[in-house]
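Numbering of the sequence shown is given in my numbering, commencing with residue 956 and proceeding in unit increments.
Check each hint, because a few of them may be wrong.
So the derived label-pair ranges between C-beta atoms look like this [unchecked claim]:
#1 E991 - R967: 19 to 29 Å
#2 I970 - R1040: 39 to 49 Å
#3 P982 - M956: 18 to 28 Å
I should point out that these hints are in silico values taken from the structure, not numbers from a laboratory. Note that this is a predicted model, so its numbers are computed, not measured. The beta carbon of each residue, even a glycine, is placed where N, CA and C say it ideally should be.
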Amino acid sequence: MTAHLQMDEQGRVLILQELREALGLRPGEPLDAEVEGGRLVIRSPASRARLVEFEGRLVFVGGPPITGDPVQDMRDERLQEMIDRCK
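Assemble the whole structure, with the sequences as input and the hints as a guide.
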């Protein structure tokens, strides 16, 4: 998908709705910008997520950090559901 954009006097560029939807971007979401080969490249930090080979294994890198313990969170939620049903 190609779009022609225009920079305003303050240096801002509006990302068109079709592009935002195609990339799954939401208002207020942080973006990374860099110059690559004379081009301005803007990407979502999540787009850096990829599989790389490390010591003979595929490893997922570059995704957003996982905070807390999601497995324990699911266990706690399930336990609370069971407790609520017994009341």
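Could you work out which earlier hints the structure fails to respect and list their numbers in ascending sequence? Violated: none.
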